[in-house]
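Participant: Anchor point for the sequence shown: position 34 equals 34 in full-length UniProt numbering, and the numbering is continuous, going up by one each time.
Because the hints were derived from the structure by calculation, they are not lab data. Beta carbons: idealized from backbone N, C-alpha and C, even for Gly. Check before you lean on any hint, since a few could be wrong.
[Unchecked claim] The calculated lysine-lysine pairs, modelled on DSSO-like cross-linking and capped at a C-alpha distance of 30 Å, are:
#	residue 1	residue 2
1	K75	K44
2	K41	K62
3	K74	K44
4	K80	K31
5	K75	K62
6	K24	K41
7	K74	K41
8	K74	K62
9	K24	K74
10	K44	K62
11	K41	K80
12	K80	K24
13	K75	K41
14	K55	K80
15	K75	K24
16	K44	K82
17	K62	K24
18	K41	K55
19	K44	K31
20	K31	K41
21	K82	K55
[Said to hold, decoys possible] What follows is a list of derived Cβ distance ranges for each label pair:
#	residue 1	residue 2	range
22	S58	K82	30 to 36 Å
23	K82	E27	31 to 37 Å
24	A35	K80	22 to 28 Å
25	E61	G30	18 to 24 Å
26	K74	I94	17 to 23 Å
27	E71	K31	42 to 48 Å
28	Y65	N34	28 to 34 Å
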Amino acid sequence: MREELNPIENTLVQYPIDGVTPAKFGELVGKSANAIDMMIKNNKLPFIEMRDPAKPNSRGEKIVYIPAYNEGLKKAYYSKPKPLVRAWLEWLGI
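Turn these sequences into a full structure, and let the hints guide you.
Facilitator: Here it is as structure tokens:
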């Protein structure tokens, strides 16, 4: 394998903002809005609830926090055994 390639962990992909609605997050990761809503309900995604401070008992809008999701995804990926982390590169001939 060629070591002069930049490690994947140094690659940064950013979305213009840090938080998106569940519907937009579903679009970004290829999941249905219902699947994302269930993941939020079961605390499987990092989110905050925004609500009008003048109406603390009103229903809030949920916003998925993308940087926390990306960090968790990166940790999960790199916690795999090293041969599995790099295995997909063999398909590319690298």
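Participant: It remains to establish, for every hint, whether it holds in the given structure.
Facilitator: Comparing the hints with the structure gives:
Simply put, K75 and K44 have alpha-carbon atoms about 15 Å apart, close enough for the 30 Å limit, and the pair holds. Between K41 and K62 the CA atoms are separated by roughly 10 Å; this keeps the pair inside 30 Å, and the hint holds. Taking the CA atoms of K74 and K44, the gap is near 15 Å; set against the 30 Å cutoff, the hint holds. Only pairs whose Cα atoms come within 30 Å are accepted, and K80 paired with K31 is accepted, the gap being roughly 23 Å.
The suggested pairing of K75 with K62 holds, with an alpha-carbon distance near 24 Å, which does not exceed 30 Å. Restraint check for K24 and K41: the C-alpha separation of about 17 Å stays at or below 30 Å, so the hint holds. The straight-line distance between the Cα atoms of K74 and K41 is roughly 23 Å, inside the 30 Å bound, and the hint therefore holds. A threshold of 30 Å between alpha carbons decides the hint, and for K74 with K62 the separation of about 23 Å falls inside it, so the pair holds.
About 21 Å separates the Cα atoms of K24 and K74, which keeps this hinted pair within 30 Å; it holds. Among the hinted pairs, K44 with K62 is consistent with the structure: their alpha-carbon atoms are about 13 Å apart, no more than 30 Å. Proposed proximity of K41 and K80 is supported: the alpha carbons are some 27 Å apart, at most 30 Å. A distance of roughly 28 Å separates the Cα atoms of K80 and K24; the hinted pair therefore holds under the 30 Å criterion.
Proposed proximity of K75 and K41 is supported: the alpha carbons are some 23 Å apart, at most 30 Å. The suggested pairing of K55 with K80 is violated, with an alpha-carbon distance near 45 Å, which exceeds 30 Å. Distance check on the hinted pair: K75 and K24 sit about 23 Å apart at the alpha-carbon level, within 30 Å; holds. Restraint check for K44 and K82: satisfied, since their Cα atoms lie roughly 26 Å apart, inside the 30 Å limit.
Taking the CA atoms of K62 and K24, the gap is about 11 Å. The hint holds against a cut of 30 Å. Using a Cα cut-off of 30 Å, the hinted pair K41 and K55 holds, with the two alpha carbons roughly 22 Å apart. Our distance criterion of 30 Å between C-alpha atoms is met by K44 and K31, whose separation comes to about 14 Å. For the hint linking K31 to K41, the alpha-carbon distance of about 15 Å falls within 30 Å, and the restraint holds.
The straight-line distance between the Cα atoms of K82 and K55 is roughly 50 Å, outside the 30 Å bound, and the hint therefore fails. Take S58 and K82: their Cβ atoms lie about 49 Å apart, and the range 30 to 36 Å is violated. The supplied range of 31 to 37 Å is met by K82 and E27, whose beta-carbon atoms lie about 33 Å from each other. Checked against the given bound of 22 to 28 Å, the beta carbons of A35 and K80, roughly 23 Å apart, stay inside it.
In this structure, E61 and G30 meet the distance hint of 18 to 24 Å, their C-beta atoms being roughly 22 Å apart. At about 20 Å, the beta-carbon gap between K74 and I94 stays in the expected band of 17 to 23 Å. Hint check: E71 to K31, Cβ distance near 19 Å, so the stated range 42 to 48 Å is violated. Roughly 20 Å separates the CB atoms of Y65 and N34, a value that falls outside the hinted 28 to 34 Å.
This entry does not satisfy hints 14, 21, 22, 27 and 28, going by the numbered hints stated previously.
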